[in-house]
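Colleague: In case you want the letters, here they are:
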Amino acid sequence: MVKLAEWQGKKVFRSYGIPIPRGEVARSPAEAQELARSGKVPLPCVVKAQVLSGGRGKGGAVRFANTPEEARDATAAILGLDFKGERVREVLLEEKLPIGRELYVSLTLDRSQRLPVLISSAQGGVEIESVPDGSIDQQSVDPFPGLTGYEKRQVSKVLGLSPPQARSIGGVLESIWKIFEQEDAELVEINPLAIVGDGVVALDSKVIIEDDAAFRHPEYAEIRDDRTELEEIAREKEIAFVQLDGNIGVIANGAGLTMATLDVLKELGGAPGVFLDLGGTDDPRKVSEAFLLMARAKPAAVFLNIFGGITRCDTVAKGLVEAMGQVPPSERFPLVARIRGNNEAEGIQILRAAGVTAISDLREAAQAAVEAERRPA
Amino acid sequence: MSVLVDRDTRVLVQGITGHQGTVHTRQMQQFGTAVVAGVTPGKGGSLVEGVPVFDSVREAVAKTGANTSCIFVPAPGAKDALLEAVDAGVKLCVVVTEHVPFHDMLVMYPYARSKGTRIIGPNCPGIGAPGKAKVGIIPNVVFQPGRVGVISRSGTLTYEIVNGIKEVGLGQSTCIGLGGDPVVGTTFTDALPLFESDPETDALVLVGEIGGTAEEDAAEYIRHNFTKPVVAYIAGRAAPPGKRMGHAGAIITRGKGTAESKVAALEAVGARVARFPYEIPQLVVDAVRSARR
Numbered sequence: 283m284v285k286l287a288e289w290q291g292k293k294v295f296r297s298y299g300i301p302i303p304r305g306e307v308a309r310s311p312a313e314a315q316e317l318a319r320s321g322k323v324p325l326p327c328v329v330k331a332q333v334l335s336g337g338r339g340k341g342g343a344v345r346f347a348n349t350p351e352e353a354r355d356a357t358a359a360i361l362g363l364d365f366k367g368e369r370v371r372e373v374l375l376e377e378k379l380p381i382g383r384e385l386y387v388s389l390t391l392d393r394s395q396r397l398p399v400l401i402s403s404a405q406g407g408v409e410i411e412s413v414p415d416g417s418i419d420q421q422s423v424d425p426f427p428g429l430t431g432y433e434k435r436q437v438s439k440v441l442g443l444s445p446p447q448a449r450s451i452g453g454v455l456e457s458i459w460k461i462f463e464q465e466d467a468e469l470v471e472i473n474p475l476a477i478v479g480d481g482v483v484a485l486d487s488k489v490i491i492e493d494d495a496a497f498r499h500p501e502y503a504e505i506r507d508d509r510t511e512l513e514e515i516a517r518e519k520e521i522a523f524v525q526l527d528g529n530i531g532v533i534a535n536g537a538g539l540t541m542a543t544l545d546v547l548k549e550l551g552g553a554p555g556v557f558l559d560l561g562g563t564d565d566p567r568k569v570s571e572a573f574l575l576m577a578r579a580k581p582a583a584v585f586l587n588i589f590g591g592i593t594r595c596d597t598v599a600k601g602l603v604e605a606m607g608q609v610p611p612s613e614r615f616p617l618v619a620r621i622r623g624n625n626e627a628e629g630i631q632i633l634r635a636a637g638v639t640a641i642s643d644l645r646e647a648a649q650a651a652v653e654a655e656r657r658p659a
Numbered sequence: 214m215s216v217l218v219d220r221d222t223r224v225l226v227q228g229i230t231g232h233q234g235t236v237h238t239r240q241m242q243q244f245g246t247a248v249v250a251g252v253t254p255g256k257g258g259s260l261v262e263g264v265p266v267f268d269s270v271r272e273a274v275a276k277t278g279a280n281t282s283c284i285f286v287p288a289p290g291a292k293d294a295l296l297e298a299v300d301a302g303v304k305l306c307v308v309v310t311e312h313v314p315f316h317d318m319l320v321m322y323p324y325a326r327s328k329g330t331r332i333i334g335p336n337c338p339g340i341g342a343p344g345k346a347k348v349g350i351i352p353n354v355v356f357q358p359g360r361v362g363v364i365s366r367s368g369t370l371t372y373e374i375v376n377g378i379k380e381v382g383l384g385q386s387t388c389i390g391l392g393g394d395p396v397v398g399t400t401f402t403d404a405l406p407l408f409e410s411d412p413e414t415d416a417l418v419l420v421g422e423i424g425g426t427a428e429e430d431a432a433e434y435i436r437h438n439f440t441k442p443v444v445a446y447i448a449g450r451a452a453p454p455g456k457r458m459g460h461a462g463a464i465i466t467r468g469k470g471t472a473e474s475k476v477a478a479l480e481a482v483g484a485r486v487a488r489f490p491y492e493i494p495q496l497v498v499d500a501v502r503s504a505r506r
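Quick mapping for you: the protein sequence lines, in order, are chains A and B. For the first sequence, the residue numbers in my numbering are 283 to 659. For the second sequence, the residue numbers in my numbering are 214 to 506.
These are computed hints drawn from the structure, not numbers from a lab. Where hints are given, some of them may not hold.
Distance ranges between label pairs, derived from CB positions [said to hold, decoys possible]:
(1) B:S269 x A:G607: 20 to 30 Å
(2) B:R326 x A:S412: 34 to 44 Å
(3) A:R371 x B:Q242: 47 to 57 Å
(4) A:D424 x B:E380: 40 to 50 Å
(5) A:L574 x B:A275: 31 to 41 Å
Note that CB positions come from ideal geometry on N, CA and C, so glycine has one too.
All chains should be built: construct the whole structure from the sequences, respecting the hints.
Modeller: See below:
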């Protein structure tokens with residue numbers, strides 16, 4: 283999924299007419315100082331780390347500045363921070379507004395209703411999970427008529443807004459709806475949405491664009507979560523890559539089978555590391571590609587769990603043996619393969635002949651993988 | 214009788230000239246399914262695996278009497294393909310295509326429903342009723358005619374589990390892979406009544422995954438409306454918690470969505486819940502025994 287940084291989300295907000303504070307992005311203390319000095323960012327200002335994790339206020343990733351020098355120092359203090367595992371490379375400097383109450387609004391998908399849901403609360407500015415159910419309003423929005431007037435009035439009422447404020451939030455809600463639909467968003471969240479005089483202003487943004495709709499949005503192609511080289515290769519080959527803490531590399535086909543494999547390994551005391559999910563395919567070429575990708579992650583042992591339904595297991599096994607030949611002897615690792623389905627006996631024979639521990643029973647195979655990882659190399 | 218497909222099923226394959234479309238047309242034929250037409254715009258007049266290809270669904274339906282569509286059209290064109298099938302009067306559409314944007318499904322699902330068409334999927338392996346018909350990509354080798362129904366949100370894990378049922382000497386009435394996407398055309402709750410009223414199903418296996426509340430919703434349905442024994446498995450008990458839908462998503466589900474919540478909900482309504490896939494076959498044997506008593 284494409285998670286937009288706060289400033290990127292606010293750029294989208296601005297283009298859809300949602301009021302935001304005046305602000306600019308800085309990537310160095312000198313740049314921040316200049317933005318404040320030139321008046322491009324009015325003082326006093328807020329300096330905020332541009333990271334994707336929440337809880338910045340408590341984590342020292344949000345600071346205030348009254349002078350260009352303070353803006354410089356605040357930026358210096360924030361840049362380079364390691365915030366919940368994420369390195370801070372940019373800060374957003376914004377004018378500090380005289381704000382009143384802080385509210386919460388968001389639009390996301392309610393899977394079980396198969397409809398978008400508009401969520402609002404008068405208790406904004408805190409993590410929404412900590413707000414009690416009774417203080418949160420949820421309304422399903424039918425895409426056919428779109429967001430209606432009565433739904434907007436309901437939000438204003440729940441939030442206790444004055445008539446001019448209600449008009450202001452009505453425009454904001456309309457824009458959130460348009461962003462959700464037109465930008466193919468999974469989530470559009472404003473927390474806090476602050477009351478400033480007779481209107482509302484988005485003090486923060488959280489926008490997540492749906493990955494599957496990427497073909498409609500080349501403009502977001504550049505914005506990606508930080509990926510390692512291996513993750514990038516996996517993405518190009520359409521292999522799902524998940525990094526966990528352990529040392530057993532796992533290759534499986536399909537999300538459900540991958541999760542089931544993890545369940546079994548954990549039960550037997552194994553610690554799964556890199557996880558490669560090939561998707562629903564048993565294409566031998568893809569199995570081999572995944573194997574070579576896994577080899578680069580230097581696992582202590584590898585557990586391969588493939589259900590071959592369309593392709594024959596012996597074809598998968600031959601491809602795998604060929605791929606094994608491409609790994610230099612010094613970089614080899616114990617491989618336990620569990621393959622089931624068409625021609626499984628032939629597949630297992632081919633793998634055993636190549637020195638692979640091949641077992642058709644899931645539990646036994648997982649046990650062998652756990653033991654292989656524990657054995658000193 | 215079986216669920217959703219039977220010997221009268223006449224399958225139309227949308228995207229039949231693509232690699233997947235061609236491979237699985239052959240597999241469906243080998244299963245014994247009547248694949249009567251293919252559609253690929255611009256390729257009308259050709260033959261794939263002996264099946265006539267048409268330029269439009271309307272034409273294919275008019276000339277062959279196709280009543281069920283299996284869609285392999287790549288994601289950018291999947292919505293259009295589905296709408297075309299719905300408008301041509303096809304009442305059952307299995308969307309195998311993966312990576313269909315959920316925003317497209319937010320249009321496809323209500324539109325299909327308003328015209329009386331059922332969608333299975335997207336991103337699903339489809340339906341198989343051994344001895345009758347298969348629409349989708351579940352491997353033929355896992356099936357054996359019998360009296361156990363299967364509904365699942367997974368793909369390959371379904372194959373594994375359906376195969377396990379076969380290996381203990383039982384067989385399946387109908388298996389449906391519903392797909393694991395955020396918005397699916399048919400949920401557990403939508404599928405359960407079909408198995409309840411199917412005289413050929415004695416027991417049901419429900420294969421769920423972490424995320425969403427489909428399994429909790431299913432448990433609620435089972436409590437009031439489902440009388441046959443249920444065996445369940447929830448994949449992902451040991452998976453690290455993911456926050457795919459962000460904080461707002463957590464508000465909607467409020468404590469549901471985890472493996473613990475799903476297992477508890479299903480156990481509370483009398484389902485036999487397996488902790489691992491390999492425990493399922495024996496539980497199915499027990500369930501079938503209890504159903505016959």
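Colleague: Indicate, hint by hint, whether the structure satisfies it.
Modeller: Now for the hints, and whether the structure bears them out:
1. B:S269 x A:G607: 20 to 30 Å: Given range 20 to 30 Å: violated, Cβ gap about 49 Å.
2. B:R326 x A:S412: 34 to 44 Å: holds, 37 Å
3. A:R371 x B:Q242: 47 to 57 Å: holds, 56 Å
4. A:D424 x B:E380: 40 to 50 Å: Holds: the Cβ-Cβ distance is about 46 Å, inside 40 to 50 Å.
5. A:L574 x B:A275: 31 to 41 Å: Given range 31 to 41 Å: violated, Cβ gap about 50 Å.
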